[in-house]
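Student: Build the full structure now, drawing on both the sequences and the hints.
Those protein sequence lines, which keep their order, are chains A and B.
The opening residue of the first sequence carries number 0 in numbering that gives the first Met the number 0; numbering runs sequentially from there.
The opening residue of the second sequence carries number 0 in numbering that gives the first Met the number 0; numbering runs sequentially from there.
Rather than coming from a laboratory, the hints here were simulated on the basis of the structure.
All values derive from a computational prediction rather than experimental measurement.
The C-beta atom is built at its ideal place from N, Cα and C for all residues, glycine as well.
Take the hints with a grain of salt, since some may be wrong.
[Unchecked claim] The calculated label-pair distances, taken between Cβ atoms and stated as ranges, are:
#	chain 1	residue 1	chain 2	residue 2	range
1	A	Arg73	B	Ile64	45 to 51 Å
2	A	Thr221	B	Gln272	51 to 57 Å
3	A	Glu188	B	Arg182	52 to 58 Å
4	B	Arg275	A	Gln127	34 to 40 Å
5	A	Gly147	B	Arg182	26 to 32 Å
6	A	Asp11	B	Arg182	24 to 30 Å
7	B	Leu159	A	Thr221	41 to 47 Å
8	A	Leu93	B	Asp69	41 to 47 Å
9	B	Asp69	A	Phe21	38 to 44 Å
10	B	Val269	A	Arg73	41 to 47 Å
11	B	Ser225	A	Gly68	40 to 46 Å
12	A	Pro113	B	Asn1	49 to 55 Å
[Unchecked claim] With a straight-line cut-off of 20 Å between C-alpha atoms, the simulated SDA-like cross-links for lysine to any residue are:
#	chain 1	residue 1	chain 2	residue 2
13	B	Lys274	A	Pro141
14	A	Lys219	A	His25
15	A	Lys122	B	Val231
16	A	Lys100	B	Met271
17	A	Lys98	B	Ile3
[To be verified] Derived list of chain A stretches under chain B, where covered just means 3 residues or more per stretch with a C-beta under 8 Å from a C-beta of chain B:
#	stretch
18	76 to 82
19	97 to 106
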Amino acid sequence: MSKSNLLFDVQDLAVKYPNGDFALHHVNFTVESPSFMAIIGPNGSGKSTLLKTALGLIRPTRGTIKMMGYDSVRDGHKIQRMVRYVPQRDQIGLNIPMKVKDIALMGRLLKKRPPRFASSKDKEITRQALEKVDMQDFWDRPFPELSGGQRQRVLVARALAGKGSILILDEPLAGTDAESQRLIVDALEDYHKNNDVSIVMVTHDLNPIHRMVKNVLLLKRTVIGIGAPCSIMDVDLLTKVYGPTARIVEYAGHRYCVTHDSGMDRHE
Amino acid sequence: MNEIFQLFTIPFFQRALIASILIAVVASTSGSFLVFRGLSFMTSGVAHAALGGAALGMFLQYSGIVPWFDPILGALIFSVLVAVVTGYAGESGISQKMEVAVGVSFALSMSIAVFLLHYIPPTQVPQVWGYLIGDILLLDNLDVILLGGTAAVLVLIALLFNKEYVYVSVDMEGSIAHGLNARAYHYMMLITSALAIAFATKAVGAILVYAIMVAPAAASNEIMRSVRGVMVTVFIFALISEIVGLAASLAIQASPSAIAGIIAALIYVVSMQVKRIRERAASNQDFPEVEDLSETFHESLSASAEQAHEHEHE
Ligand SMILES: Nc1ncnc2c1ncn2[C@@H]1O[C@H](COP(=O)(O)OP(=O)(O)OP(=O)(O)O)[C@@H](O)[C@H]1O
Ligand SMILES: [Mg+2]
Numbered sequence: 000m001s002k003s004n005l006l007f008d009v010q011d012l013a014v015k016y017p018n019g020d021f022a023l024h025h026v027n028f029t030v031e032s033p034s035f036m037a038i039i040g041p042n043g044s045g046k047s048t049l050l051k052t053a054l055g056l057i058r059p060t061r062g063t064i065k066m067m068g069y070d071s072v073r074d075g076h077k078i079q080r081m082v083r084y085v086p087q088r089d090q091i092g093l094n095i096p097m098k099v100k101d102i103a104l105m106g107r108l109l110k111k112r113p114p115r116f117a118s119s120k121d122k123e124i125t126r127q128a129l130e131k132v133d134m135q136d137f138w139d140r141p142f143p144e145l146s147g148g149q150r151q152r153v154l155v156a157r158a159l160a161g162k163g164s165i166l167i168l169d170e171p172l173a174g175t176d177a178e179s180q181r182l183i184v185d186a187l188e189d190y191h192k193n194n195d196v197s198i199v200m201v202t203h204d205l206n207p208i209h210r211m212v213k214n215v216l217l218l219k220r221t222v223i224g225i226g227a228p229c230s231i232m233d234v235d236l237l238t239k240v241y242g243p244t245a246r247i248v249e250y251a252g253h254r255y256c257v258t259h260d261s262g263m264d265r266h267e
Numbered sequence: 000m001n002e003i004f005q006l007f008t009i010p011f012f013q014r015a016l017i018a019s020i021l022i023a024v025v026a027s028t029s030g031s032f033l034v035f036r037g038l039s040f041m042t043s044g045v046a047h048a049a050l051g052g053a054a055l056g057m058f059l060q061y062s063g064i065v066p067w068f069d070p071i072l073g074a075l076i077f078s079v080l081v082a083v084v085t086g087y088a089g090e091s092g093i094s095q096k097m098e099v100a101v102g103v104s105f106a107l108s109m110s111i112a113v114f115l116l117h118y119i120p121p122t123q124v125p126q127v128w129g130y131l132i133g134d135i136l137l138l139d140n141l142d143v144i145l146l147g148g149t150a151a152v153l154v155l156i157a158l159l160f161n162k163e164y165v166y167v168s169v170d171m172e173g174s175i176a177h178g179l180n181a182r183a184y185h186y187m188m189l190i191t192s193a194l195a196i197a198f199a200t201k202a203v204g205a206i207l208v209y210a211i212m213v214a215p216a217a218a219s220n221e222i223m224r225s226v227r228g229v230m231v232t233v234f235i236f237a238l239i240s241e242i243v244g245l246a247a248s249l250a251i252q253a254s255p256s257a258i259a260g261i262i263a264a265l266i267y268v269v270s271m272q273v274k275r276i277r278e279r280a281a282s283n284q285d286f287p288e289v290e291d292l293s294e295t296f297h298e299s300l301s302a303s304a305e306q307a308h309e310h311e312h313e
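Tutor: This is the structure:
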């Protein structure tokens with residue numbers, strides 16, 4: 000079905016917001032599919048912008064970004080059919096009385112035609128997805144009344160329940176405790192292994208996912224580094240991105256990256 | 000008792016009752032979604048734009064520039080313009096920007112109305128003000144039929160596209176990313192609402208329209224916990240306000256719109272109180288047992304202190 004085996008094929012990409020700032024410039028990289036890919040970088044480094052551009056939500060100012068061979072501008076709708084997207088949590092409107100099930104079912108219903116009725120199969124799959132993140136007991140609870148971490152888990156379940164061979168998550172671990180992180184990461188890992196699904200996630204902390212990650216993209220308005228996690232955990236590179244306070248500490252066989260921005264990052 | 004029964008046989012009262020139900024339907028199928036979208040303010044903007052548009056229509060008609068131009072055409076065009084400008088400002092999904100766009104078009108259309116009033120024959124001026132004040136007791140059959148058509152279309156759209164409207168409001172970006180043509184639904188929602196508001200304004204006046212479109216939806220959104228629940232209660236709240244308004248207008252010679260507006264506002268205030276009381280009740284409910292962990296905590300503290308000592312000795 001797909002036109003190419005490259006999850007991402009980015010050529011000379013630049014993205015400028017209307018206020019004139021370049022959020023991204025001279026971005027070039029490729030990632031093979033399937034992958035479990037992490038995008039890291041300090042706040043404002045263009046991580047969310049890169050994802051939105053890839054999904055066709057923002058037009059590149061220059062260059063191209065392709066997913067599985069499809070151009071984000073010309074074939075945006077084809078990309079959108081393949082992808083399930085978890086936006087940064089603060090993008091979700093909370094003044095609408097939606098239940099947890101309504102939000103979680105969105106993932107499946109959005110890929111149907113109006114009037115988008117939920118079949119019993121849709122409900123069953125959605126329920127299973129909520130179970131994976133341990134939110135099944137909240138099925139009938141109002142979504143705006145959940146805590147931040149619980150909302151995040153529901154959004155991950157929404158993506159897990161949906162259809163499409165690529166999962167894109169923008170900071171799914173932000174504001175979650177260790178237990179929620181474990182649930183989310185395990186669900187993603189499980190999913191990646193069993194369903195031949197590529198996962199792309201933005202994160203500030205590689206620790207919880209470093210076992211699974213195949214490619215890490217280090218971004219600061221342009222590509223600073225891309226490769227296996229080991230090659231990214233390099234003192235010079237991280238100092239360049241996170242500033243002179245970034246250090247790497249070796250301890251008990253793990254390498255930790257210590258910064259003011261992101262706390263600690265461990266890698267073997 | 001008999002007198003009340005006789006009321007229902009009087010045509011103007013029948014029309015007012017039917018119109019009340021239809022306006023409540025419009026509030027439920029359009030007002031609810033506008034409140035979800037954070038756009039209740041658009042109702043008053045569009046209703047006033049309809050007034051400006053009607054004034055323009057009347058000016059064109061009576062000055063002989065465009066003799067066939069019915070005022071309602073002007074009202075519809077202006078309303079849609081407001082919806083489009085608002086929609087354009089809010090394409091990114093940010094509702095604050097839309098509020099500003101509504102405010103500007105509101106001021107513009109009122110200014111146009113007042114400016115043109117000067118050039119409209121004095122005999123026609125009351126018809127323009129009718130768009131503002133209106134009177135549900137003075138409807139003719141055509142008004143009721145137009146309103147009925149509007150309500151029917153809105154119900155159909157709400158049945159077909161309620162999920163899309165909600166998705167666009169709750170997560171515009173996520174919806175687009177999943178392949179939803181969110182922009183089309185965004186504009187469809189604003190434009191159909193605007194047309195409905197314009198027709199309703201023509202029938203019963205801007206004041207009743209925004210009393211009934213905004214307050215019941217805001218009230219329901221405070222107390223209901225599902226989209227369907229909100230829509231049903233909006234209908235009920237709107238209908239109660241209007242019926243009380245009608246009854247009061249007959250009993251004490253008051254404007255039904257004014258009374259309905261006051262009732263709707265009261266319902267909103269009461270709903271906020273209900274929500275607060277409910278929250279307080281919920282927070283008093285089954286206070287969880289506190290497991291006393293302080294001892295464990297102290298033990299662990301002293302244990303770690305001991306450990307620290309040991310380390311020092313090493
Ligand atoms: N809608 C917008 N309009 C103008 N500038 C924007 C907009 N969104 C983002 N930017 C700018 O683009 C740059 C990159 O933003 P982006 O949201 O992609 O960063 P990020 O890496 O996702 O950051 P974070 O870790 O905080 O989520 C920032 O400098 C930001 O100010
Ligand atoms: Mg971001």
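Student: If a hint holds in the structure, say so; if it does not, say that too.
Tutor: Tested hints:
1. A/Arg73 to B/Ile64: 45 to 51 Å: 47 Å, holds
2. A/Thr221 to B/Gln272: 51 to 57 Å: 55 Å, holds
3. A/Glu188 to B/Arg182: 52 to 58 Å: Hint violated: Cβ distance 36 Å, outside 52 to 58 Å.
4. B/Arg275 to A/Gln127: 34 to 40 Å: This hint holds: roughly 38 Å between Cβ atoms.
5. A/Gly147 to B/Arg182: 26 to 32 Å: The hint (26 to 32 Å, Cβ to Cβ) holds, given that glycine 147 of chain A and arginine 182 of chain B are roughly 29 Å apart.
6. A/Asp11 to B/Arg182: 24 to 30 Å: Given range 24 to 30 Å: holds, Cβ gap about 28 Å.
7. B/Leu159 to A/Thr221: 41 to 47 Å: Cβ of leucine 159 of chain B to Cβ of threonine 221 of chain A: about 46 Å, so the range 41 to 47 Å holds.
8. A/Leu93 to B/Asp69: 41 to 47 Å: 43 Å, holds
9. B/Asp69 to A/Phe21: 38 to 44 Å: 52 Å, violated
10. B/Val269 to A/Arg73: 41 to 47 Å: 55 Å, violated
11. B/Ser225 to A/Gly68: 40 to 46 Å: Given a distance of about 42 Å, which is inside 40 to 46 Å, the answer is holds.
12. A/Pro113 to B/Asn1: 49 to 55 Å: 50 Å, holds
13. B/Lys274 to A/Pro141: Within the cut-off at roughly 14 Å; holds.
14. A/Lys219 to A/His25: Given pair lysine 219 of chain A, histidine 25 of chain A holds - Cα atoms ~11 Å apart, limit 20 Å.
15. A/Lys122 to B/Val231: 24 Å, violated
16. A/Lys100 to B/Met271: 26 Å, violated
17. A/Lys98 to B/Ile3: 44 Å, violated
18. 76 to 82: With 4 residues closer than 8 Å to chain B, the stretch 76 to 82 of chain A meets the three-residue bar; holds.
19. 97 to 106: holds (count 6)
Going through the hint list in order, the structure does not satisfy hints 3, 9, 10, 15, 16, 17.
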